[in-house]
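Residue numbers (this note's numbering), protein chains in the order written: chain A, 2 to 234; chain B, 119 to 314.
The hints are simulated quantities; they were obtained by calculation from the structure and are not laboratory data.
Mixed in with the good hints, there may be bad ones.
Unchecked claim - With a straight-line cut-off of 25 angstroms between C-alpha atoms, the simulated DSS-like cross-links for lysine-lysine are: (1) 149/A x 166/A; (2) 260/B x 8/A; (3) 149/A x 180/A; (4) 8/A x 255/B; (5) 166/A x 294/B; (6) 255/B x 302/B; (7) 8/A x 294/B.
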Amino acid sequence: MTCEQLKDEYELHALGLSEVPERWEIDNHLRQGCAHCREGISKALLTNVMIMQLAPDVPVPRNLRKRVLASVGVQSVNWGWRAVWATAMAALLVSVVWLGVENRQKSAFTAEARETLAILNEPETRQVAFGNVAPVAPPQGRVLVNAKHGVLLLASNLPHAPAGKTYELWVIPKGGAPKPSGLFQSDARGTAMYVSSGPVDVSTLGAVAVTLEPEAGSAAPTSTPVIVAALSD
Amino acid sequence: MFLFPLLFAAIHAEGDRELAERLKRREPQAMADLYDRYGRVTYILIFRIVRNTGTAEDLVQETFLRVWNRMQAFDHEKGALGPWVLTVARNRAIDYLRSVDGRMAQNAFELETNEHPSLFSNLETEVLNSDRARRLKTAFEKLTPNQRLVIELAYYEGLSQSEMAGRMKQPLGTIKTWVRGALKALREDLGEALAI
Numbered sequence: 002m003t004c005e006q007l008k009d010e011y012e013l014h015a016l017g018l019s020e021v022p023e024r025w026e027i028d029n030h031l032r033q034g035c036a037h038c039r040e041g042i043s044k045a046l047l048t049n050v051m052i053m054q055l056a057p058d059v060p061v062p063r064n065l066r067k068r069v070l071a072s073v074g075v076q077s078v079n080w081g082w083r084a085v086w087a088t089a090m091a092a093l094l095v096s097v098v099w100l101g102v103e104n105r106q107k108s109a110f111t112a113e114a115r116e117t118l119a120i121l122n123e124p125e126t127r128q129v130a131f132g133n134v135a136p137v138a139p140p141q142g143r144v145l146v147n148a149k150h151g152v153l154l155l156a157s158n159l160p161h162a163p164a165g166k167t168y169e170l171w172v173i174p175k176g177g178a179p180k181p182s183g184l185f186q187s188d189a190r191g192t193a194m195y196v197s198s199g200p201v202d203v204s205t206l207g208a209v210a211v212t213l214e215p216e217a218g219s220a221a222p223t224s225t226p227v228i229v230a231a232l233s234d
Numbered sequence: 119m120f121l122f123p124l125l126f127a128a129i130h131a132e133g134d135r136e137l138a139e140r141l142k143r144r145e146p147q148a149m150a151d152l153y154d155r156y157g158r159v160t161y162i163l164i165f166r167i168v169r170n171t172g173t174a175e176d177l178v179q180e181t182f183l184r185v186w187n188r189m190q191a192f193d194h195e196k197g198a199l200g201p202w203v204l205t206v207a208r209n210r211a212i213d214y215l216r217s218v219d220g221r222m223a224q225n226a227f228e229l230e231t232n233e234h235p236s237l238f239s240n241l242e243t244e245v246l247n248s249d250r251a252r253r254l255k256t257a258f259e260k261l262t263p264n265q266r267l268v269i270e271l272a273y274y275e276g277l278s279q280s281e282m283a284g285r286m287k288q289p290l291g292t293i294k295t296w297v298r299g300a301l302k303a304l305r306e307d308l309g310e311a312l313a314i
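So that you can see chain B by itself, here it is in the shape it has in the complex:
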């Protein structure tokens, strides 16, 4: 697992407010601009989750369609467009994985609620820059193998801690320890950069 350098050029808040406003006005060129800004990172994230080109393309299409159709609920003055698009993208991909392996019903509601546009108001909009990227990469590499695995299972497979325990054949308490340890380490290393 490694960071993809081109991403950093794509993730920026510059112009997102204006772009969001144009999207709310349903300007066709705004959708093209949204794709040019976040299409690549969206595809990379979704592909990492579903690991199939055709499926990833379908889900990218669904992601942008969903964003386009829900734009009216997005606060273009205070909203963080990039984080919202990526969260919608992850949810589409995790929804797909769950539908494939029969986990759809269990957490579907949570995915619906965690991407509401209102949640992305008043967030810091500049999600990543090169310093943060290096910090994140370093922090991730310092995790133990088990900590890295549970992070991947949570973020890229959408497994709850109970589901991880079943998958990894480990006690739930052990899984919780790994998850909390990993997130604590990432939070600490990212803490200064993430100060809100």
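Chain A with its partners taken away, still in its complex shape:
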């Protein structure tokens, strides 16, 4: 096919939506160094990005920035899990008191703080320790699971994932396949705090695990878990 015949397909190709035979034809032109198709694809990339921005405005969750930065280890916390725990509790306590005085509880809580507080406070939350304090310390910390709010992981001694890799949290039902539950990164000191929000079927939950995965994450674990927190009955 000629470039003229293919030009209407450039945007779809740049979106990954072109179909055979046009997809093969454009790929072939590009492999052969076709300047016309290369320029067409470049323009299509820009057109696509502009069209993507037709999406309607929505409010952005206030805690998202903190969460994104924490996931790549930018907001480093130099303490072990005990300090993280204590700080989280203290911050939440202060928040509750202040918000009570100010009668602004609903508006001032971040989503993450709400989830964290719910997991920490509710009596049905189940907690399990992992790791130990051996001289060459493996990852250690706490996993807290709440049926309504999700899973909270507090870990230390978790080495910063190398370039191209990230940590992935898995919720593993008894006798079932691990379910991917989010990607996160530890900071330079090996500390991580991660919340996987959403309901969890605690009655069938067998374990929570963490593996090192490719940066985009995996649909199923591809490496030996670095953290396994088994929930006993």
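Once you have looked at the hints, place chain B on chain A.
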């Protein structure tokens, strides 16, 4: 569907080269700056696709993690940072939709290849300004309802033309006509602004 005005302040090339260079050096503050520049538009795009706050937050996190980890392959001298971030964001969201409705295997490879950092070299970096935004909005509003629908299905649901034909119960030829007509109209209206 309408444009969100604050976006235009966020999409700019000013400083992107320096920001990309700092990201490649893995400076922590650079990641904060990247989020401050593109976090909002990334969330809005992903939310439009997945329509769920929690999922959108997860995917924004994945997007920035992916960009952070792939930064070494990005050409900070010639690369267009904003378009790359948004393309990665869309791909994460479309990947999610496909995993939910079982379409993952069919086009997964295409999504992986269409976001390689090298593709975003030598692109115009100033993707949108207010003139272009108005032009784009006007162009989109001039499309027929069916043309607007197929554009939304392609860009926000990741459907191929064959998949659209199945979804809309229309012949493939009809779908292709609508898609080509819509893209042609958008291209023509944006043509001057998009001159490379």
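Right, here's what the structure says about each hint:
Proximity of residue 149/A to residue 166/A is assessed by CA-CA distance (about 30 angstroms); at most 25 angstroms being required, the pair is judged violated. For the proposed pair residue 260/B and residue 8/A, the alpha carbon gap of about 22 angstroms is at most 25 angstroms, so the pair holds. This hinted pair checks out: residue 149/A and residue 180/A have alpha carbons roughly 17 angstroms apart, not beyond 25 angstroms. Distance hint between residue 8/A and residue 255/B is fulfilled; the C-alpha atoms sit about 23 angstroms from each other, no more than 25 angstroms.
A hinted pair counts as satisfied when its Cα atoms are at most 25 angstroms apart, and residue 166/A with residue 294/B does not qualify at roughly 40 angstroms. Note on residue 255/B and residue 302/B: the hinted pairing holds, with a Cα-Cα distance of about 15 angstroms set against a maximum of 25 angstroms. Straight-line distance between C-alpha atoms of residue 8/A and residue 294/B comes to about 13 angstroms, which keeps the hinted pair within the 25 angstroms bound.
The structure fails to meet hints 1 and 5 from the earlier list, while all remaining hints are met.
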